[in-house]
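Colleague: Each chain, letter by letter, is given below.
2 protein chains.
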Amino acid sequence: MDIPEGVIDRLPKYARALGQLEAEGRDVVSSQELGVRLNITHAQIRKDLSYFGRFGKQGRGYNVQMLLDELRRIVGLNRQWKMALVGVGRLGRAILGYEGFSPQGFRIVAAFDSDPSLIGTRINGLTVKPVADLEKELCDGGADIGIVATPAETAQSVIDSLVRCGVRAILNYAPAFPNVPDGVHVRHIDPVLALQAMTYHLKAGAGPG
Amino acid sequence: MDIPEGVIDRLPKYARALGQLEAEGRDVVSSQELGVRLNITHAQIRKDLSYFGRFGKQGRGYNVQMLLDELRRIVGLNRQWKMALVGVGRLGRAILGYEGFSPQGFRIVAAFDSDPSLIGTRINGLTVKPVADLEKELCDGGADIGIVATPAETAQSVIDSLVRCGVRAILNYAPAFPNVPDGVHVRHIDPVLALQAMTYHLKAGAGPG
DNA sequence: GGGTGTGAATGAGTTCACAGCT
DNA sequence: AGCTGTGAACTCATTCACACCC
Chain X
1 MDIPEGVIDR LPKYARALGQ LEAEGRDVVS SQELGVRLNI THAQIRKDLS YFGRFGKQGR
61 GYNVQMLLDE LRRIVGLNRQ WKMALVGVGR LGRAILGYEG FSPQGFRIVA AFDSDPSLIG
121 TRINGLTVKP VADLEKELCD GGADIGIVAT PAETAQSVID SLVRCGVRAI LNYAPAFPNV
181 PDGVHVRHID PVLALQAMTY HLKAGAGPG
Chain D
1 MDIPEGVIDR LPKYARALGQ LEAEGRDVVS SQELGVRLNI THAQIRKDLS YFGRFGKQGR
61 GYNVQMLLDE LRRIVGLNRQ WKMALVGVGR LGRAILGYEG FSPQGFRIVA AFDSDPSLIG
121 TRINGLTVKP VADLEKELCD GGADIGIVAT PAETAQSVID SLVRCGVRAI LNYAPAFPNV
181 PDGVHVRHID PVLALQAMTY HLKAGAGPG
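First to last, the protein sequences are chains X and D. Numbering (my numbering) for the first sequence: 1 to 209. Numbering (my numbering) for the second sequence: 1 to 209.
Some hints could be false.
Chain copies aren't distinguished; within one or between two, either way the pair holds.
Here are the simulated lysine-lysine pairs, DSSO-like style, with alpha carbons at most 30 Å apart [unchecked claim]: (1) Lys203 x Lys82; (2) Lys136 x Lys203; (3) Lys47 x Lys136; (4) Lys82 x Lys57.
Bear in mind the hints are in silico, worked out from the structure with no lab data behind them.
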């Protein structure tokens, strides 16, 4: 069975909202209420969940704890993921210092850079290694996910290296669109593109859209 | 005429690629070649551009400089945009220090926080102001775009304030999905959600998808 | 009554394929 | 020959609406 990518994108949102509901001590939630929290229609939520099973009770809704457990299992949030960071410039250091990853099970276990003045330095408990050693260090399954925070010019070769090491998921902060083989997933974090997509609407006038 | 959002998202990518081609000294480019650079089909590119006009020459392709100018005009990249940052914690300071905005015409002109120990301090040439003064400071058209880097709990109220000041575009780094009126555009930067959407595929096995 | 699960209907977006220009 | 621009075909995703269950 093939699940639309849009569905996959929403599952973590559901999990996050359910985590909040759990923290609020709620036992049960309806697709309606979940939808209001996330700006998603209730029909959409039920349809999405129906790809994976029947988790609700008619007339009642979903058990918060149970649905949260199911979603964590489906999305793969019930384990630790090891990440390798490439590029320890200004942006890379901010990523290393970000406290939001580890509570969600994402841990940066290696950091690489090409700048000799950075190599060997310790940042947040991690020693920066030369990017030339990336494949040597990582190809024994050292990381599940790659984070690329290099200049655009080097992103493709870095990603090629990561892919050769079996990395099949890449979070790309570089302003570039590298090619990857089938089965490798890339997500782009690009605030400038996000801003530019919005300026189109700002420029166009006050109307919605 | 109503333009699909996916088209709007791709226009800045075209502009970026054309900027690179220009820097490489290229005069002409085909939809085919542009597509290879961006992992977008040539039919898609031609269709996207056709929403706005006829910019190419059959048998030849697109004039790089001319198409770049047109796209900049369409997307609104040919002017300066003023942004207000709310939340000057660890993440907010990284955003203030990011060098990628100003070359693209995006300038942070104000920074707000609720932490008394931050208020009044200068960061990157900007004095941090109390978030309580946001509407007073901004409602005279002080900013076109809001950047929200607060905790999830305060994101909604901050965004409400920004919207009351006429801000119609928000770049949201907070892990929250606030409600905004029609005509206000929100883009979410959420690396954890991006990672979680990928772990679904990692967990599922080695196949593509 | 209230809310789920789901086939059917609708809608949106992408790809095809080709006429037409250079 | 080469490449654009675009209606038509098609694929994919969302919404509707209702049977069914609590």
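Colleague: Return the numbers of the hints above that this structure violates; sort them in rising order.
Modeller: 3, 4
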